[in-house]
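Participant: Chain residues, written in single-letter form:
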Amino acid sequence: MPEKKTGVYLCGGCGIAEATSLDALDAVAVKEFKVPYCRRHDFLCGEDGLRTIRDDVTAGKVNQVVIAGCSPRVNADRFRFDGAQVIRANLREQVAWTQPAGIDDTGMLAADYVRMAITEAGKSNPPLPYQEGPYSERILVVGGGISGLTAAREAALAGCEVVLVEQSDQLGGHARRWSKRMPQRPPYQAPQNNDVDRLVAAVEADPRIEVRRRSRVAKTSGGPGKFTVTLRQDGADQSIAIGAIVLATGWLPYDPSKLGHLGYGVSPDVVTSVALEEMLAAGALSRPSDGLPANTIAFIQCAGSRDPDHLPYCSSVCCGVSIKQALQIRQADRDSSVYVLYQELRTPGVAEEFYRAAQKAGVVFIKGTVKSVGADLTVIIDDALLREEVPLAGLDLVVLATGMVPNAVGMMDGAEEPSPLPADDINPLSPIAVAGYAAAAVPAPSATPQPPPTQFFAGGTPLLNLQYRQGPHLPILAQGFADSHFICFPYETRRTGIYTCGPLRRPMDMAESAEDATGAALKAIQAIRNAVEGRALHPRSGDLSFPKIGLNTCTKCRRCTVECPFGAIDETPEGFPIVNPTRCRRCGVCMGACPVRTISFDNYSVEMLTSMIKAVEVPEEDEAKPRVLVMACQNDAYPALDMAGIARSRMSPYVRTIPVRCLGSVSLLCVSEALSSGYDGIILMGCKSGDDYQCHFVTGSAVAQERLTKIAETLKSMALEKERVQMIEASIADAGRLPKILDDYMAVIDKIGPSPLKGFG
Amino acid sequence: MSAIAAADGRKYDLHFARWVYQNVDGGDRLPLCMQCGMCSGSCPLGTAMDYGPRKLLMMIRAGMKAAVLASDTIWNCTQCYNSWLRCPRQIRVTSILQGLATVAVKEGYAPKRPTARFSRAFWFSVTHFGRTDERLVTAFYYFSCGFKEGIQRALANLPIARRMVKGKRMHLGAPHRVRRTADLRAILTKAEEIETREKVSEAGR
Ligand SMILES: Cc1cc2nc3c(=O)[nH]c(=O)nc-3n(C[C@H](O)[C@H](O)[C@H](O)COP(=O)(O)OP(=O)(O)OC[C@H]3O[C@@H](n4cnc5c(N)ncnc54)[C@H](O)[C@@H]3O)c2cc1C
Ligand code: SF4
Ligand code: SF4
Ligand code: SF4
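In order, the protein sequence lines correspond to chains A and B. Quick note: the first sequence uses our numbering, first residue 526, plus one each step. Quick note: the second sequence uses our numbering, first residue 3, plus one each step.
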C-alpha cells in the first residue's frame, strides 16, 4: 500500500464561505490534524477548481483527496481523480444550507464535519477489487414457460449463451394449453390466438440457446460468474459453469379439492378454469356428468383467492381469464347464458375494454358472495346489487376461477422428496410458508434467530438446491412468493445473481410475465458483467470493496453467516466463515454483526466509524450545547436529509450525521463508543423494516432494530435513559418531516438533560 | 307484443332482459350497465321511487319482469335526463324508463296509476285533435279517477276555469284541431304498422 498523502480542499462556493469561516476550517486541517496540504477554492467543481486538484494528484503530492464542499451524493462524477481516493465532507447541504450564516454553532458544525472527513481518510484505503477468475458468462434459465422462454430469448438476443432447463418434455408451460389468450392489441376486445408456439419455435431455432428438456437442477453452488450447476437429465448428472440464473418456474393452480365450499366435488359439472381451458380447446362445451350440451354457465370468481382461509392475495389474472372464457362461450353459442359471479371485478387499464366487450356480448355480471353450490348446481348468491339472496338455477356448468400459487419453493414436486430443513443453527429469516399449504401456523418473520418451522408444506424439492450455508431454498417473503425488493429492485432475490420472474414473484398474466422475464434477463447479464469486474451490484453499484474477515480473532460465532441478507457467507470445514465476494452486496451487515469486529472493508470499518464518532468535539456539560449523533442510511435517510438541506430547511445545529452503508452495518460498538464519548443522544435513521420493508439490503434495518433491543441493558448499566438511543424510520419521501423529527428529539434530550458521561470519553 | 318472462320465474333467466335489450328504446346499451349507481345518485326523484334507476336496471337483468313493470320508478321519472347525461356508460336511462312505462300500460301492469291515466288522456287529445285541449285532458283525467271524484274535482276547479275563460286562456267551443286530422290518422296508422313489422321481423330472426 503506497504511503498516504492526504490533501484537504475547501470549497467556498454555494454559500459555504458565507456560512462559515474557511480560515477556521483551514486551521482544523492544518493545525489540529497536521494535514500537510490544505487548499481552498471558491468554485471547486468548476474546471479551474478541478484542475487544481488534478494537478496535485498528477504531481504525486496527494493521493487522498478530502473535499469539504457539497454532499457526497452530488458531483461524484466530477470529483473523480485517477490514482486518488476521494472523501467528502458535506458542508453545503448539511451546513451552509441548513444553518444561519456566521454564528458559532455553524462554525462548530462545519469544523466537526471536516474533522470527521479527515479521520475517515486516515482509516480508509482505496479498495482493491476481487477479480479471481475464471468466470462463466453463460445464463441458466430454469423453466420453459412463457417467462423462461422470454428470458432465454431476450438474453440470447443480447448476445449471451443460454441454457434453458425444462422439467417436462415440452416447452410453453401452462400457456401452451390455453385455447386463446387475452387480447394484446387494440381495441382489446376479443380473445386472441395463442401465439406461444411462435415463441417456442424462436427459442428452438436460436443457436445460442441450448434447450434441455426432462431436466432439473440437482444442485447449485458458487456465486455470480462462478456458479457450478449440476443438471440432472434422465437420471444422469452433468455439472456446468454458469454466470447467472433466471428462475422461471411459474405457478400452479390452487388445489381445488380445498374448495368444497364452492361446490368442487359435489358434481362433476363443477370444474376449474384450467379444466375449462381444455374443454374449450376441445370444441363445443358439454356437461362432464352426462355429456349433454352445456350452455348455461356460471363463473365463480376469487375461488380460493382473496380469502384469508386460502390464498389471501388476489391472483390478478382470473378476472381477465373468466372474461376471456365467457366471451369464447358467447361467441360460439348465441343462445348461451353466461354469468360471472364476482365480489370485485379487477380489470385495470385496457382490460376494462375487455370487460365492456363481454358485457356487450351479453355476459351477465353479478356482484355478490356465493353462499353455496348445490348438487343440482343451484348457486345461492347473496346478491349485493339486488340486496337479496338469489338462487341461480338451471346451470349446466359451474366454473371456479381458481387462483395461482407461486412455484418458488418446488411446489410442483408433491411429496416425492421432502426438502431438507436448513441447519437449525442458521436462521432462514423468512420461514417458508406457502399460503393455503402451510400445514401448521408459521411464526411471522423476525430477525431473532429461531428454529425454522419443522413443517414446510407437503413435499417440495428446492428448485436450485443451493449448496449455501443458509439453506437450499430461495428466501420467501410471504405466501410463498420469492422475496424481492418490491419497490426498488423487483427481480432481485436474496441470493445475488439469481433472478426470479413471472408468477413466482407475484401473480402475473402472460404479458406481464414476459416483461418481467425480460427485466430478469437483463439483470442477469448485469450481474455477470459486474462480477467479472469485481464490482458490486446495486444499490452499491460499482463499489469495489468487499468484506475481509480477520480469521485470527474470529470466534466462529456465525453471526455474520446468519445475518448476511444475501447468503454470501459459507463456512470452511473448520467452521470459519468465508465470503463469496461475487455474492456479496457490500451492505456491511456482517461487519455490524461481528461481535469481535473482525470484519471490515478497505474503505469501511467499525474502527473507521468509531474514530469518526470520536473526532467530533463534544462540548462540556456547562456549555449547554448538546450533541446528537445520527447514523443515517446512505440509501434513503441521508438523501432525505440532503433534500431537507436543498429545501433550505433549518436543522438543529447540534446534530452530527454519519452516512452508513446500511443500518445493519452499524456495530453496537459505534453506539457504546458514542455514549461514552459524551454524546447526549444517538439516532439510527434508516429504512422501514417488516413485511413491507424498504431496506435496500432487505433485512439490514430489521437486524439493526433487533440489535438495538440489546442496547437497553447497556444503557441501564451505564445509568443512562433509554431515550438516548433511538431508531427512526425514514424514507426518501420524509425530507419535509425530518427537521421537525430532529427538533422533537432535541426537545427530549433537553428534558432529560445532558449526558452524565461528558468529559470521560 | 308481450314481453317474455321465464315461465318458472327463475331469477336471472335472460329472456326478459334480452327482450328489453331488443324492444325498448335505449335497451341496446343496457347490457353495458356496470351498476355504478350514478343514475340513482343523480336522480332528483330517486328517493320517491320503489327502486332507484340503478336497481331497476339490475332487476331487468335478473329477469324480474313483474316487479319491474309494477314499480313506480318508471312512473315517477320526470324525464329530467340527469341519469342519461351522467351515465358513464352512456345508457339512455330516461328512454328505457319511458319505454318500460309503455310496456307496463300495454301489458296491464299500471292501469290505475295517475301518471298512466294522465298520459292516456294526453294521448287521446293529441291523437284525435293533433293538439292538447286543456278541458279535454283535464276532464278525461278527472273522470278516470271515477265518476264521483271527477265531478268533485271539476267543481273544485270551476273558479279557475272561469277566470281562464275571462282572460282568454281557455275557450268554450269545440276543441281546436289541426286542419287535416285524416292525415294525422294516416301517419299514426303507418307508425303502428312499421312498429309491428319490425317486431315481427325481430321475432323471426
Ligand atoms: C385458466 C387460466 C387461463 C389463463 N389464460 C391467460 C391468458 O389468456 N392470457 C394471459 O396473459 N395469461 C393467462 N393466464 C396466466 C398465464 O397462464 C401465466 O401468466 C403464465 O402461465 C405464466 O408463465 P410462466 O412461464 O411464468 O409459468 P408456467 O407456465 O407455470 O411455466 C413454468 C415452467 O417451468 C417448468 N418448471 C417448473 N419447475 C421446474 C423445475 N424445477 N425445473 C425445470 N422446470 C421447471 C414447468 O414445467 C413449466 O414449463 C391464465 C391462467 C389461468 C389459470
Ligand atoms: S383477479 Fe379477480 S377473480 Fe382473481 S382473485 Fe383477483 S379479484 Fe378475484
Ligand atoms: S452481509 Fe453484506 S457485506 Fe457482508 S457478506 Fe453479506 S452481502 Fe456482503
Ligand atoms: S331521467 Fe328519470 S330516472 Fe333519470 S334522473 Fe331524471 S327522473 Fe331520475
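Derived from the structure by calculation, the hints contain no laboratory data. Ideal placement from N, C-alpha and C gives every residue a C-beta, glycine not left out. Keep in mind that the hints are not guaranteed to be accurate.
Stated by the list, open to error - With the C-beta cut set under 7 Å, the calculated list includes, among others, these residues of chain B facing chain A: (1) Arg12; (2) Tyr14; (3) Leu32; (4) Pro33; (5) Gln37; (6) Met40; (7) Met60; (8) Ala64; (9) Arg164; (10) Lys168.
What the hints assert, rightly or not - Computed footprint of chain B on chain A, listed as stretches where at least three residues anywhere in the stretch have a Cβ under 8 Å from a Cβ of chain B: (11) 771 to 782; (12) 889 to 903.
What the hints assert, rightly or not - Pairs of lysine-lysine residues, derived as DSSO-like cross-links and limited to a Cα-Cα distance of at most 30 Å, are as follows: (13) A:Lys783 / B:Lys13; (14) B:Lys192 / A:Lys892; (15) B:Lys108 / B:Lys170; (16) A:Lys1276 / A:Lys1235; (17) A:Lys529 / A:Lys586; (18) A:Lys1235 / A:Lys1073; (19) B:Lys150 / A:Lys885; (20) B:Lys168 / A:Lys885; (21) A:Lys705 / A:Lys556; (22) A:Lys559 / A:Lys1276; (23) A:Lys1213 / A:Lys1276; (24) A:Lys529 / A:Lys1139; (25) B:Lys168 / B:Lys150; (26) B:Lys108 / A:Lys896; (27) A:Lys744 / A:Lys705.
Participant: All hints, please: hold or fail.
Facilitator: Here's how the hints hold up against the structure:
1. Arg12: 6 Å, holds
2. Tyr14: Hint on B:Tyr14: holds, closest Cβ of chain A at ~6 Å, below 7 Å.
3. Leu32: 10 Å, violated
4. Pro33: 5 Å, holds
5. Gln37: Cβ of B:Gln37 sits 5 Å from chain A, so the hint holds.
6. Met40: Because about 14 Å separates B:Met40 from the closest Cβ in chain A, which is outside the 7 Å limit, the hint is violated.
7. Met60: Result: holds, 5 Å to nearest chain A Cβ.
8. Ala64: Hint holds; B:Ala64 Cβ to chain A Cβ min 6 Å, cut 7 Å.
9. Arg164: Violated - the Cβ of B:Arg164 stays beyond 7 Å from chain A, reaching only about 52 Å at its closest.
10. Lys168: It is violated, given that the least Cβ distance between B:Lys168 and chain A is near 55 Å, above 7 Å.
11. 771 to 782: Contact hint for the segment 771 to 782 of chain A vs chain B: violated, 0 residues under 8 Å.
12. 889 to 903: That given contact holds, which follows from 4 residues of the segment 889 to 903 of chain A lying within Cβ reach (below 8 Å) of chain B.
13. A:Lys783 / B:Lys13: 29 Å, holds
14. B:Lys192 / A:Lys892: 44 Å, violated
15. B:Lys108 / B:Lys170: 38 Å, violated
16. A:Lys1276 / A:Lys1235: 24 Å, holds
17. A:Lys529 / A:Lys586: Cα-Cα ~10 Å, so holds.
18. A:Lys1235 / A:Lys1073: 26 Å, holds
19. B:Lys150 / A:Lys885: With Cα atoms ~52 Å apart, B:Lys150 and A:Lys885 exceed 30 Å; violated.
20. B:Lys168 / A:Lys885: 58 Å, violated
21. A:Lys705 / A:Lys556: With a Cα-Cα distance of about 79 Å, the restraint between A:Lys705 and A:Lys556 is violated, given a limit of 30 Å.
22. A:Lys559 / A:Lys1276: 39 Å, violated
23. A:Lys1213 / A:Lys1276: 28 Å, holds
24. A:Lys529 / A:Lys1139: 21 Å, holds
25. B:Lys168 / B:Lys150: 27 Å, holds
26. B:Lys108 / A:Lys896: 39 Å, violated
27. A:Lys744 / A:Lys705: Violated, at about 37 Å.
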